Amino acid sequence: MGEILVLVEHDAGTLKKVTLELLTAARPLGTPAAVFVGPGFGTAAPRLAEYGAAKVYVAETPELTDYVVAPTAELLASLVGTAAPDAVLVASTAEGKEVAARLALKIDSGVLTDAVGLGEGIVAEQSIFGGSSIVHSRVTKGVPIITMRPNATSPVAADGPAAAERIDVSVELSDAARQARVVDRVVVEKGSRPELTEAAIVVSGGRGVGSAENFSIIEELADSLGAAVGASRAATDAGWYPHQHQVGQTGKTISPQLYIACGISGAIQHRAGMQTSKTIVAVNKDPEAPIFELVDFGVVGDLHQVVPQLTAEVRRRRA
Amino acid sequence: MKIVVCVKQVPDTAQERRLDPADKTLDRAAVDGVLNELDEYAIEESLRLAEATAGDVTVLSMGPQRARETILKALQMGADRGVHLLDDALAGSDAGATSYALAQALGTLEYDLVIFGSESTDARTSLVPAMVAERLGLPQLTYAAKVDIEGTAVRIQRQTEDGYAVVEASIPAVLSVVEKINEPRYPSFKGIMAAKKKPLETLTAADAGIDPAAVGLAASSTAVDDFADRPPRSAGTIIKDDGDGGAKLADFLTEQKFI
Ligand SMILES: Cc1cc2nc3c(=O)[nH]c(=O)nc-3n(C[C@H](O)[C@H](O)[C@H](O)COP(=O)(O)OP(=O)(O)OC[C@H]3O[C@@H](n4cnc5c(N)ncnc54)[C@H](O)[C@@H]3O)c2cc1C
Ligand SMILES: Nc1ncnc2c1ncn2[C@@H]1O[C@H](COP(=O)(O)O)[C@@H](O)[C@H]1O
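Those sequence lines, one after another, are chains A and B. All residue numbers for the first sequence refer to the working numbering, where the first residue is 943 and numbers rise by one. All residue numbers for the second sequence refer to the working numbering, where the first residue is 47 and numbers rise by one.
Simulated from the structure, these hints should not be mistaken for laboratory data. The structure displayed is predicted, hence computed values, not measured ones. Every clue listed holds true.
Per the computed footprint, the stretches of chain B lying under chain A, defined by three or more beta-carbons under 8 Å from a beta-carbon of chain A, are: (1) 202-210; (2) 221-227; (3) 287-301.
Simulated pairs of lysine-lysine, BS3-like, Cα-Cα distance not exceeding 25 Å: (4) A/K1220 with B/K294; (5) B/K48 with B/K243; (6) A/K1220 with A/K959; (7) A/K997 with A/K1048; (8) A/K1220 with B/K303; (9) A/K1227 with B/K286; (10) B/K244 with B/K48; (11) B/K226 with B/K192; (12) A/K959 with B/K303; (13) B/K192 with B/K48; (14) A/K958 with A/K1220; (15) A/K997 with A/K959; (16) A/K1227 with B/K294; (17) A/K958 with A/K997; (18) A/K1048 with A/K1083; (19) B/K242 with B/K48; (20) B/K286 with A/K1220; (21) B/K226 with B/K48; (22) B/K303 with B/K286; (23) A/K1083 with B/K70; (24) B/K48 with B/K236.
Every residue gets a Cβ at the ideal spot worked out from N, C-alpha and C, and that includes glycine.
One chain only, chain A, in its complex shape (with noise of 0.2 Å):
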C-alpha cells in the first residue's frame, strides 16, 4: 500500500481534532505521512504516532508560513513528486481548501472537497444541497486530492507500536509563493470552551436571544453540556456574539453529535451550516418556524424560560 498524505493543522504544535480523524480516515486506505509545516513539532509528535502517522514529513522553515497558502501548496507538490503518495488529505477549512486548489493545479490533479467519509479505490462521499442528497465521487485525474469536512467522523487511535519517522523536508519557494505576505495574526477571542467545528455538542442563539447580555442563556446551557456555542448570522451582525461562532453558509460547517438552536428560525444559509448534525433540537417561540422541520426534539416556547430551565436540569442530572 502507498502512502496517503494528510496535511496536519495545528496551532504551534497542538494538533487540531480533525488532523487525528484525517490519519483514521486514512489508515484503512494506505499509509499514513503527515505533514507537518511551522514550528511545534515536539509536541505534536507523539499524538501524530499514536494516530497512526507511520512517517511524519517535517518542514519547520519559517518563510512557509510567512506567505498565504501557496509555499504549503508548493511543499506539497514537491512532496507528492518524490513520495508518489495515493492520495493527499487535506482538512475542509477555508485554507485547507485554499492549498488543495493550488496544489491540484501544480501536479495536475483533480480535488474533491467537503468529503464526509472515504472509501477504499480513494472513493469520496458528500453531502451536498445541505445535506438533502449524498454522492459518490472519485478523482480521474493525478494524485486524488481530498478535503475532509471537520467532526464527519470519530477519530480513534492506531494499535500497535506508536513510534513516526521524522522526515526533515523544505523547498524551494518560488517568487510567486512569496507575494501575499502575512504581517500579522490577531486571534480575535479564545476562550476555555471547546472550538465550535470540533465540539461534540453546540448551543446556538439567533435574534430570538433579544441582546449580547442574553447571550449568558446560550452559554451557561453550553457550560453545562461542556459544549461549543455557535450564533446565527443575525446575531452576529448585531454584535451580540463574535463572527467566528457563526454557523452556515458564509459562517462554519459543522457537524455535531448535537446541535440546540435557541431563537433561530431554520433560513437555508443557517442550515447549510448544520444541517449534517447528528441530533438537532430547536426552541422555539413560532411552531411555524422552518427549524422545526429539521428537529428530532422541538419545544415551542419561550427561549428565555425553557433554556434556563434546561440548564437547571442538566446540572442537577450531571451533579
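Assemble chain B with the ligands onto chain A, guided by the hints.
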C-alpha cells in the same frame, strides 16, 4: 484602479436543487438562476474601490445564455461594462477548468485587481479564486473582510478560523471578499436605465484562446459514481412548553445519552 469582478449565476437556493440523473451534474434548467449572493459583496467592494480611485469596473461571468441577466444586474448596480464568456464547450466545467477559462478571459482584459466572491452557493468549493491566483501567478488576497489601498500596495484583513491575518501585496492582485466586508447596494432606477446602454460583450472560447479539450464536462478531473437523496429525517417530536418544556427537553437528552 481597473477592477474586474468575477460573478456567477447560480440556482436560487430558496428552491429545491437536484442532480440530473443523465449526466450527474446540477440540474440548472430546473430552477431559476440568480446572482450568487456572495458575489454581490464582490461587486459592491469593486464599485467602492473604483469610486475611491477614479477607476472602473468590468464584470466577467462564464455561464450559459441566461447568465447575461446576472451581468446586467452588476451593470445596474454600477459596473461599467460586462464580459460574458459564453460557449457550449464550457458547459459542465469543474473548478479547475473554470479557473482556466476565467484566467484566459482575464488575459484579454486590463486590470489591477480581480475580485471574487468567497464561495458559490451551488458548487460551494471555494476553489476558483485560489486557482485563478495560481494560474495568473498573482498574489492571493482571499477571504478579505477589509481592503485598503495605498498607491500600488493592497492590504487586507484575511478572515481566519480564530480571528484575522493582515496580509499585504502589490497590484496586480487577486482578491476574494467575505460578506462582513460591506452592505451591497440595490440598483437605483437611474442605474437600471443606464445599464441598458452599457457595453456587454460576448467572448467565445476561441476569442479567449481557450483549448476546448481542456474545458467542459469531458475534461472534468472528478466523476460521480452514484448519488441518492438522503432519507428524510424522521419527523421529530415537537411539544409546546407548558412550564416544563426545559425538563421535557432534558428527558429527551437523557434518553439520547447526552446527559
Ligand atoms: C449571502 C448570505 C449569507 C448568509 N449566511 C448566513 C450564515 O452563515 N449563517 C446564518 O445563520 N445566516 C446566514 N444568512 C442569513 C439568513 O438568511 C437569516 O437571515 C439568518 O440565519 C436569521 O437568523 P435568525 O434565525 O437568528 O433570525 P430570525 O430569522 O429573525 O429568527 C429568529 C427566530 O427566533 C424566534 N424567537 C424570537 N424570540 C424568541 C424567544 N423569546 N424564544 C424563542 N424563540 C424566539 C423567532 O420565532 C424566529 O424564528 C445569510 C444570508 C445571506 C443573504
Ligand atoms: N462561472 C463563473 N464565472 C465567473 N466567476 C465565477 C464562476 N464560477 C465561480 N466564480 C467566482 O469564484 C467564486 C468562488 O466560487 P467557487 O469556487 O465555485 O465556490 C465565486 O464567488 C465567483 O466570484
